[in-house]
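Q: Given next are the chains, with one letter for each unit.
2 protein chains.
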Amino acid sequence: MPELADLFAARARNVPPPIFSPDAPGTVPTISLAWGLADPALFPRAALLSATAEVLEKDAPAALNYGATYSGLIEQIVARLRASGVAAQPEQVLVGHGSSQILALLPEVLVDRGDVVLIEGPSFMGAVRRFAQAGAQLVTVPTDAHGLDTDALATILRDLRRHNKRPKFLYTIPTFHNPTGATLSLERRHALVALAAEYGVLVVEDDAYYDLRFEGEPLPPLAALDRDGWVMRVGTFSKTLAPGLRMGWACARPEIIQRLQMFKWEGSSGPFMTRLVARFCADGQLDAHIAALNTHYRHKRDVMLDAIAQHCPADVQVDRPAGGFFVWLRLPPDLHAAAVQQAASEQGVAFVPGTACYADGQGTDTLRLAFSFQPVEQIEAGVARLGAAMHALRQHRAAR
Amino acid sequence: MPELADLFAARARNVPPPIFSPDAPGTVPTISLAWGLADPALFPRAALLSATAEVLEKDAPAALNYGATYSGLIEQIVARLRASGVAAQPEQVLVGHGSSQILALLPEVLVDRGDVVLIEGPSFMGAVRRFAQAGAQLVTVPTDAHGLDTDALATILRDLRRHNKRPKFLYTIPTFHNPTGATLSLERRHALVALAAEYGVLVVEDDAYYDLRFEGEPLPPLAALDRDGWVMRVGTFSKTLAPGLRMGWACARPEIIQRLQMFKWEGSSGPFMTRLVARFCADGQLDAHIAALNTHYRHKRDVMLDAIAQHCPADVQVDRPAGGFFVWLRLPPDLHAAAVQQAASEQGVAFVPGTACYADGQGTDTLRLAFSFQPVEQIEAGVARLGAAMHALRQHRAAR
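Sequence order for the protein chains is A and B.
Numbering (the working numbering) for the first sequence: 1 to 400.
Numbering (the working numbering) for the second sequence: 1 to 400.
These aren't lab readings, by the way, just hints derived from the structure by calculation.
A portion of the hints provided could be inaccurate.
Identical copies look the same in the list; a pair holds intra-copy or inter-copy alike.
To be verified - Mimicking SDA-like on lysine to any residue, the simulated pairs with C-alpha atoms at most 20 Å apart in a straight line are:
1) Lys58 to Ala46
2) Lys165 to Thr155
3) Lys58 to Asp315
4) Lys58 to Ala47
5) Lys300 to Glu215
6) Lys58 to Ala68
7) Lys165 to Pro2
8) Lys165 to Ala9
9) Lys165 to Asp115
10) Lys300 to Pro61
11) Lys165 to Leu4
Model the full structure from these sequences, guided by the hints.
A: What follows is the structure in structure tokens.
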């Protein structure tokens, strides 16, 4: 009897396990501070409807038929890149169904099994998981409050070269890092770009949170400092417009863009959707929306930081992120993230334990909280539950 | 000096040549009868705008945030499958960015280099091109006016088995075939499904044109006759709603669906877009729209057939397709498609030469005309130019 299973290609024989979920139902209704979802209160529904009406009225024949990614959207992405100091050309831009699609395509273009890929510790868990599944040998570069440790990177690159290994790329989140919230300092940005040129390292700059700056002046993107084409810059409309539209982009040398396109099996990113997003972004509407987002998210960050100060033990450490979606907590030695997660689940609050953000088992003393999604009342209530869980853990130990 | 090119994975080293285009500009403005584009006059703009308004009004928090493919769209696809006799379950359905994305993902799941894939001769050139690029050994099964020749298939399968080869799948377009317009007879449908079960052949039934029936009663899909799970049915909203929304689907055993999803790097097909399509399809709106399409496209087919009868040489053969987008012309021995294409280009009309639809060099005496896209006046004018080109070729030869 012929079996279906015998037909699967080698690469498709095994199905990976489902993605880690911290939101397993607890004993009480859970307030999830786990995921970096956008705040639904800020979705520009009326503007999206107007944009749809305009696209359907003025451009339906092209928007609704077969066709390429709308060149007008690529032009707007190029204009925004140039405004941030990146000398981009249209042929350097790929539009994808979210930046996560483009990150997931990267190993198709760059990774043969066993190739070295450099990641930050900690990093965006979705990307790290994908790179590992693609068969990359992940090497973790440490980070601190100023982002990627470029001195440590220099040592790692030297060691790799000594072993005749050239990493296929370095994946970094330089601004309002996921999960740490840290922003790479200007000095380190220069150092990183210099190392990339010296060692021929493709730097994948995932700057998903770049526009979500609550205070201070923007730093130049790595791609703006790069003179030799070693930086691929990745961005998204998920944080600034709406994740559900699934629209992101990458800017890199055309040789890379062409090859990413090769593995983007659906071809274009949709004549209709790319026009809709372009229409929304036109006439300064996106910038006005971003300004409103930053006022709103800044307040939610402050609410979360205040709640942490009020409810969590005083020896829980937290830096103040200047933008983005996340706050990163470093726990004192007696509080392990796994135990806190268990206790928090009983209290009815979920977060991402730091270990999920490392490829090498680090992070047992850290956790990530998202302030992006929940309304302020739920942020306060969730952090209060988290604090109660931490205090309860300590009391339980003291009582033993 | 480190080179970027050294970083590319083996699978990404070479960029394939650009896709064949019959629409290269000629000496006069070209009427293209080449591509199977939808007719823009039929795009349901008002209904799409209403659907957008309703999704944004009632379901924005889910439609605009991160999330899965909308389950309501999967339910509607399942309901339509069941109405056509296919006992589908939701876990058997994958929604993709057009059915062509799903077809392009197939080799990821099924094809190791050198594996045999069975295709029809002729077939949909996009799929054939992709299967070949994936390293499949393409074996062509002949077709005639009643579709795939199942007797020939039986012989091919017997020969392959004798050489210990089991094809990874058979790709077939059973209804209003692209490019021939032929529909597989009921008798052959039964024969095909029986052969699939006997030889353990996965049959990929691309029924993109299934709903575009201008006359006669629908035949049961292969998936409705299949009792053993050897048929994967593929469909699309591109022909019945709008290609620019990029929405298609597949129905197959869950083991296949799971694996297709593995290589669909963007994850879901968009919380917003899947809700928009579901909203448009609800309340019988899609069926009403399909009825209007069929009235319109039937007329365009008739206009094209009449024009061919009027303008082309009497020994050009053409069958009357009962639906779909295409008319397939078989040329008399003295008219080669390549010569006709050259002469037609000079007259200002483009088509797809039959050779583009074969993987093995056949088709030099055939060509495909699409009646779907052009308005009736352009269909008439285009076919008149085509006929003039054919007559001119003959006169030129006679004069030599």
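Q: Now look at each hint and say whether the structure bears it out.
A: Here is how each hint holds up against the structure:
| no. | hint | verdict |
| --- | --- | --- |
| 1 | Lys58 to Ala46 | both (18 Å within a copy, 13 Å between copies) |
| 2 | Lys165 to Thr155 | within (13 Å within a copy, 52 Å between copies) |
| 3 | Lys58 to Asp315 | neither (59 Å within a copy, 45 Å between copies) |
| 4 | Lys58 to Ala47 | both (16 Å within a copy, 16 Å between copies) |
| 5 | Lys300 to Glu215 | within (14 Å within a copy, 61 Å between copies) |
| 6 | Lys58 to Ala68 | within (17 Å within a copy, 31 Å between copies) |
| 7 | Lys165 to Pro2 | between (44 Å within a copy, 12 Å between copies) |
| 8 | Lys165 to Ala9 | between (29 Å within a copy, 15 Å between copies) |
| 9 | Lys165 to Asp115 | within (8 Å within a copy, 34 Å between copies) |
| 10 | Lys300 to Pro61 | between (43 Å within a copy, 18 Å between copies) |
| 11 | Lys165 to Leu4 | between (40 Å within a copy, 15 Å between copies) |
Hint compliance for this structure: hint 3 alone is broken.
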